[in-house]
Amino acid sequence: MKVIGLDSSGLTATVAIVEDDKLVAEYTVNHKKTHSQTLVPMLDEISKMTELDLSTVDAIAVAKGPGSFTGLRIGSATAKGLGLALNIPIVEISTTEGLAYNLFGTDKLIAPIMDARREQVYTGLYEFEGDELKTILPATAEPIEDTVARINETGRAVIFLGDGVAVFKDKILELIKVPVSFAPAGKRLQSAASIATLGLKLLDEGKAIPARDHVPDYLRLSQAEREREENK
Amino acid sequence: MAGKKIMADKLILAVESSCDETAAAVVKNGREVLSNIISSQIDLHTLYGGVVPEIASRKHTEQINQVIEEALKTANVTLKDIDAIAVTYGPGLVGALLVGVSAAKAISFATKIPLVGVHHIEGHICANFIENKELEPPFICLVASGGHSHLVKVLDYGKYEILGRTRDDAAGEAFDKVARAIGLGYPGGPKIDKVSYEGNPEAISFPRAKVEGSVYDFSFSGLKSAVLNYLNQCEMKGIPVVQADVAASFQKAVVDVLVDHSMTAIRESGMKKFAIAGGVASNSHLRKAFEETCAKEGISFYRPSPILCTDNAAMIGAAGYYEFIQGNVSGYDLNAVPNLRLGER
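Taken in sequence, the protein lines are chains A and B. Taking our numbering, I'd label the letters of the first sequence as residues 1 to 232. Taking our numbering, I'd label the letters of the second sequence as residues 1 to 345.
One chain only, chain B, in its complex shape:
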């Protein structure tokens, strides 16, 4: 066929329930968000100092229809307008994932709208496409959240090469654990981010862990232990702990490692574009560090708005769109895969 192929608009209804947010969105052509509804359970889990899987799963079941109905209503569309239903099927909490997957499959079966299973991390990466219309692969992406820390080479839409990952705790997990230890509570990320403005990031020298055999892999459990040791020693010696200093120094150690590994990957790859994603990507100190470093090295830096960094369904709609137009549809036997690896289907 001669000339440019014109593709009709594609509307994706996306559903996300992998952890503690029940979310649904309607996304047009992978880039334009018509609605992005998130029902957060954070208050429920705060009582327990972290996400309780059974409580999360129950809450998803309670909220799932309201959230989907709201997403359709806000986008001013009905199921008849939808071209595909995208749903997160892993990684995540299995009981939580199953709620979104089961509901999405039932809607797909009842309407015959094609179903597209989406990888949660792929969603986080694709969140960058929503506000950066010019961003196209290839680029390097750092995904850091409560459950994940990945350094990824995005080769093409839906094509990823994992350069590095955490060997133990995810970056966000370290934030939560340290926040608990210094009495800031849950969720740790935003609380440490805020209190760090009042602290000295050079006050305490915490380790920047290197992982043997890989310049890209991360390890945060040693850093977490160093913070706990420091707190113990202060207690034993009767030295008062300055919460803001511990927070700022810990955060600086995390940010330094994330920036260092990412910049190594960018230099090695020769790529000129870099993006961040995931809950930790909303950390203001991390964003600033990357802004400065990338500007210095002539790298275009992309980051989603904080609302698109946290778990949401708009990002699943963006990722689902690219999977869908490449013909990657799922069957009614789609299952939740808690340990799903990026690039696997």
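One chain only, chain A, in its complex shape:
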């Protein structure tokens, strides 16, 4: 089984092709260029490089959110276009779960954090039980103080990763009461290889959906909807 993975939920643009237990190619860019300019050219590049026959691809795995609203939509619309054209389904992967999967095999708690603006992080809490990634807390948006307090209560060692580390590292070090570490450069940010690998697993479990039905999971309403609810 062959899956194309896409993640453009944050500043990182990343695409990958995974076939069974082989990573055929991964292309990850952390640069200021907009995802709409990079994502498809990157996919084109690795497809040519690895002589990918697109008709052999079984599904598109996409980071469904949380993340930048615009970034998520670029990934989602790209995945949906691929699904439509190739007549294959989409597997939706939580962005935070995808990040957590970068740290396969660790015995520590895994806390992905993404800068969610408005003084919040998109986060979740995960751990590995053997080879299985377990979700302790699914993706949510909250102040970093709440995230750290929850981890302190567990008393367990934790690894933070994600683009939120660059923003909140000092705050975490100030508040944390358990052994803490931060994922190194190669593991810290979104990886389409992780998205595609998790995607392959979900595809195998029959959890793929028709491409037309996929929408990002923004976790938040639009500002206009929020204000409307508040004024009710």
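All the given hints hold, so there is nothing to weed out.
Computed beta-carbon distance windows for the label pairs:
1) Asp333/B x Glu227/A: 32 to 38 Å
2) Asn328/B x Thr154/A: 55 to 61 Å
3) Glu227/A x Lys288/B: 39 to 45 Å
4) Ser55/A x Ser284/B: 48 to 54 Å
5) Arg345/B x Asn87/A: 30 to 36 Å
6) Lys80/B x Val167/A: 46 to 52 Å
7) Ala166/A x Asp333/B: 23 to 29 Å
8) Thr154/A x Leu44/B: 40 to 46 Å
9) Lys32/A x Asn328/B: 23 to 29 Å
10) Lys288/B x Lys32/A: 48 to 54 Å
Everything labelled a hint here was simulated from the structure, so no lab data went into it. All residues carry an ideal CB built from backbone N, CA and C; glycine is no exception.
Since chain A is already given, all that's left is putting chain B on it; use the hints.
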């Protein structure tokens, strides 16, 4: 090569998501619409009195595949029959544009069907080619919509000279703002058009703004302010406001300016053909005014059906066809350009 070159039919799949309509169409040879699917979000935005960009972008993402699939199905074709994929890449709401652009690029990459980025206004102008098979450039075109007011000299397919544009509000924007002020709500254009039939267009004298230094540029914000001032004064003096009279008088002021500027451009250019396009072009009073004026001056007048005046993908397919046969194809790095200018690529 001797004799007339015979070109094979070209089918364009077109995608449009620049504002609040998710649309896809299949167009043959730039002139024949095989399908024209529009998923309107108007009800969603009515709650907020105007288009909310984030909500529009979310809805596009939800609808994009259904709309494209429906366009192919209705045209009774598959992607294998398509020669090029045309997509609006500007101007418009950036988040909204990105949905169509991203999906179109992905389909182009997956199928190797060439991609053609299309200017939204060029699409509006080309909407005229669909129902007027005899219309060919050169001609003068007035494009008036919620986001744009342009007076354009169409020199050739894909070649435009902008004679005038709005300095502030677009014509359609003025309609929306005035409609809100007199309690008609959103969308303002169709509501003012309708209620004006019950009002006196001469009841209130609103200004016909001239823009200094240009006979072709428009300005509608002064007119909008004049309407708001009038409403304030009525309230202060305790004079009841006749909604239909305000609507009709405001609309007459807009129509007069659009007709006046357009006719000046037509006379100056010496051209005998004139077309209108964009959402405001579906205004029945504006259409009638142009019909009468053009008939009087011996000018052939062209206008799309209302369904082709509103944002749609068939017009993008028409414009995309002419770009495509001229060899203008786009790369996978095509980006949404919210402030894209007409004639730029």
